[in-house]
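Since chain U is already given, all that's left is putting chains X and Y on it; use the hints.
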Amino acid sequence: MKITLRILGHLRDVYFEGKDLLEIEADKPLTLLEILNRINLPPTMAMAYLKEGKPIHKETILEGGEEIIILSPLSGG
Amino acid sequence: MEKMTIKNDLCSGCRACELVCALNKLLENNPTKAALKVEGVFPKPGKYYVNYCKQCGNCAEVCPTLALYKDEGVFKLKKELCTSCYLCVDACPKQVLFINKDTNLPLKCDWCRDCSVVCAHEAITFLEEA
Amino acid sequence: MLYGYGGKNLWIDLFTQSYETSATDEYMAEKYLGGRGFTAYLEYTYTKPGIKPLSDDNHLYIASGPLSGSLVTGAGKVEIGAKSTLTGGYGDSNMGGHIASEMKFAGYDLITLKGNSEKPTVILINNDKVTFQNASHLWGKGALESEALLKKQFGEDYQFMVIGPAGENLIRFACINHDFGRQAGRAGMGTLMGYKKVKAIGIKGSKGFPLKDPARVLELGKKMYSDTRNKPGYRYWTDYGTPGVVRWVNENTAFPTKNFFTSFMEGYESLAGEVMREKIVVTDKGCFGCPTPCGKYSHVVLGEKDVYVEGPEYETIALLGGNLLLKDIKEVAYLNYVLDDLGLDTISGGNVLAFAIEALEKGVIKESDIGRKVGWGDVEGLVHLSEMIARKQGIGELLAMGVKEASKALGGGSQDYAMEIKGMEISGYESRYAPAMMLSYMTADVGAHHNRAWAVTYDVQKGRDKLEDKAKRVIELQHIRPLFDALGVCRLQWVEIGLTLQHYAPLFEAITGREYSWDNLLKISEKIWNLTRVYWFREVPGFGRGWDWPPKRWYAEPIPDGPAKGQLISEDKLNYLLDDYYTLRGWDKEGLPSVDKLKELELDFVVEDLKKRGFYQY
Chain U
39 MKITLRILGH LRDVYFEGKD LLEIEADKPL TLLEILNRIN LPPTMAMAYL KEGKPIHKET
99 ILEGGEEIII LSPLSGG
Chain X
1069 MEKMTIKNDL CSGCRACELV CALNKLLENN PTKAALKVEG VFPKPGKYYV NYCKQCGNCA
1129 EVCPTLALYK DEGVFKLKKE LCTSCYLCVD ACPKQVLFIN KDTNLPLKCD WCRDCSVVCA
1189 HEAITFLEEA
Chain Y
169 MLYGYGGKNL WIDLFTQSYE TSATDEYMAE KYLGGRGFTA YLEYTYTKPG IKPLSDDNHL
229 YIASGPLSGS LVTGAGKVEI GAKSTLTGGY GDSNMGGHIA SEMKFAGYDL ITLKGNSEKP
289 TVILINNDKV TFQNASHLWG KGALESEALL KKQFGEDYQF MVIGPAGENL IRFACINHDF
349 GRQAGRAGMG TLMGYKKVKA IGIKGSKGFP LKDPARVLEL GKKMYSDTRN KPGYRYWTDY
409 GTPGVVRWVN ENTAFPTKNF FTSFMEGYES LAGEVMREKI VVTDKGCFGC PTPCGKYSHV
469 VLGEKDVYVE GPEYETIALL GGNLLLKDIK EVAYLNYVLD DLGLDTISGG NVLAFAIEAL
529 EKGVIKESDI GRKVGWGDVE GLVHLSEMIA RKQGIGELLA MGVKEASKAL GGGSQDYAME
589 IKGMEISGYE SRYAPAMMLS YMTADVGAHH NRAWAVTYDV QKGRDKLEDK AKRVIELQHI
649 RPLFDALGVC RLQWVEIGLT LQHYAPLFEA ITGREYSWDN LLKISEKIWN LTRVYWFREV
709 PGFGRGWDWP PKRWYAEPIP DGPAKGQLIS EDKLNYLLDD YYTLRGWDKE GLPSVDKLKE
769 LELDFVVEDL KKRGFYQY
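Chains as they are written, first to last, in this note's numbering: chain U, 39 to 115; chain X, 1069 to 1198; chain Y, 169 to 786.
With the rest of the complex left out, here is chain U (with noise of 0.2 Å):
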């Protein structure tokens, strides 16, 4: 199975070197949070992750073949 992971914003070059396009691959269902520490991204370090546009925990187990947006903070105000 195969995770999407697109990166917005200025988290893309502190993390992960410019790319804006991640794929995991995996041999079983994994929760964001399993996800995140497999690319090394500390979880509090994006202000969302959207799946379908909507924010998602990071419990949210992920069953294969979606899109996972990591989104960088947006300053407040």
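By construction, these hints were calculated from the structure, which means they are not laboratory data. Remember, predicted model here, so these are calculated numbers, not experimental data. Built from N, CA and C at the ideal position, the CB exists for glycine as well. None of the hints are false.
As a list, the in silico PhoX-like pairs of lysine-lysine whose alpha-carbon atoms are at most 20 Å apart: (1) Y:LYS216 - Y:LYS780; (2) Y:LYS399 - U:LYS57; (3) X:LYS1115 - Y:LYS320; (4) Y:LYS319 - X:LYS1112; (5) X:LYS1093 - Y:LYS375; (6) Y:LYS319 - X:LYS1115.
Partner residues aside, some chain U positions facing chain Y, computed with beta carbon under 10 Å: (7) ARG44; (8) THR82; (9) ALA84; (10) MET85.
Same frame as chain U, now just chains X and Y:
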């Protein structure tokens, strides 16, 4: 055919539609010359409304010189036939036919769709008629 | 012809209730762009030096920018500037809404209010015609209530800037309200309007303004809007606006809590953007030309209270929520409404209220001073105290001066927890574990405001213990972000949504016909930054390094609990940050720009002026 559709509850009152309309029709940076108008009702209940042309044809019905004509569901203006009598302006039930003071011609919405292009909130869309 | 500009300046003399116009200065447009560039240049060169902020000579400048009112995303930002009634130094406040665009459609790039009116006045600007209307019937009324009455009286198509009782009563952190919930909140711009006895300014314009290449603006502008909509972050941002960041700020322990006592609020989840959207938001409310409206308009029913309010946005949630321990978004929104209607800045206001509660707890203020008990999370008590401040009743008169002056007068150690820098109360980021953000607050040119350099993400990503490179990043941000305030356009689509220079540069050229490189624009921004800095030196006797210092709580009191427990930035570290910052900027040990730096930035007139005043004698 596709039809201009307004969802007022998605409008956030930014007036980009008015701005782009005047730019498209007159090459002017002046939203007050647009063929549609956004109005807000504040402080209560906090809502926006878009007044726009539904192509009802009332304008064409009253036009004595047949300057307004129907072209694939959209009423358009033949400038050379217009005598600037403004009967069409009075006849418009939505008051979205404005007089352009520079040309003295009525400004008629021709569903060019630019308003929907800049309406990121999709309050203005063109949808296939059901 | 100046393309992209309204073309005229309007000079209003309140003494004689008369006005005149002049052509917009081409030199100013070229060298300072507009907006914040204009307010900085005029405060330095046109406002008389050495005046008291509350005096007849303090002019109020309202400036749009070359991109305001055009088909550019977020083209609705206006800059309002004057010598600050809160800090006594450089003052400006940036506001969204429909003022910048409307004044340009009426033909004006700059509106200047000079002198004072004898009686409460409404200034009505209808294209070329300016009239002065009696406002006695509105004096004393709330800002939101007054705006509704003004629209009824003069017409819905006027855009109004209105003050509340706080501005009338000269509370030092009074704001200007517009469009039922947009504010020029900071630096006391509403206070000066109140001093001038101007209850409101109404503007209506139908003239438009010339573009160099309208067909190209149409083409590029449409692309800019559709590109914005297609950015993947678009949906989240527009759904939740700035409150979308509440969770992140708490998870990263930078949420001002209990008068900046700590950095994380238990139960912050109930203030998050998602909760707010579900519970109280009735519509998105955009500024002129905004495809990504962060404005959320809310309907709040709280007990017998039933109110409409724009917001709360992030800063208000931080300062009225976290900082006062209001844990229900409805309570935060209700207090937001109260402060808006009174005409008090919610950032300074939230600080002052929190300061008062702490002073009460520590016995510096007594319950009898307030007339009732007021505690953390006590919305009724806080509303009561806000009213006292706005109407200068009892202890309210002292608190109305802001935490710096109030703590000076109260003594009893209260200065240690008076959370301000340069006299301006700190906005929504606890920075004891965020050196770049700390430095950003220390060096911001109006006082402790976040919008010049939002550097907290840089701390979180590059290492919160690290001090190296922080000054460099803060300086970069201080040039980029305020540049948008000079252009008269919102920075959020660029900073947050991910539009690029490729969107702005060609549009700027098609609108104005002028070509600037990015480096060129940043140089202008650096020039403005240096100009506001020297303004402080000229206007505030003894100004220097000490004025960039944070309150004692931030360098001597470690964060007491939560995930960042034990953190603080020691005085040694603060000195390291400041030294690094001054050096990189070409400033001396006191933070005074060097003659070379000023000349490099074409600020020769400043060098002459400062030399005459005894600077650079060594």
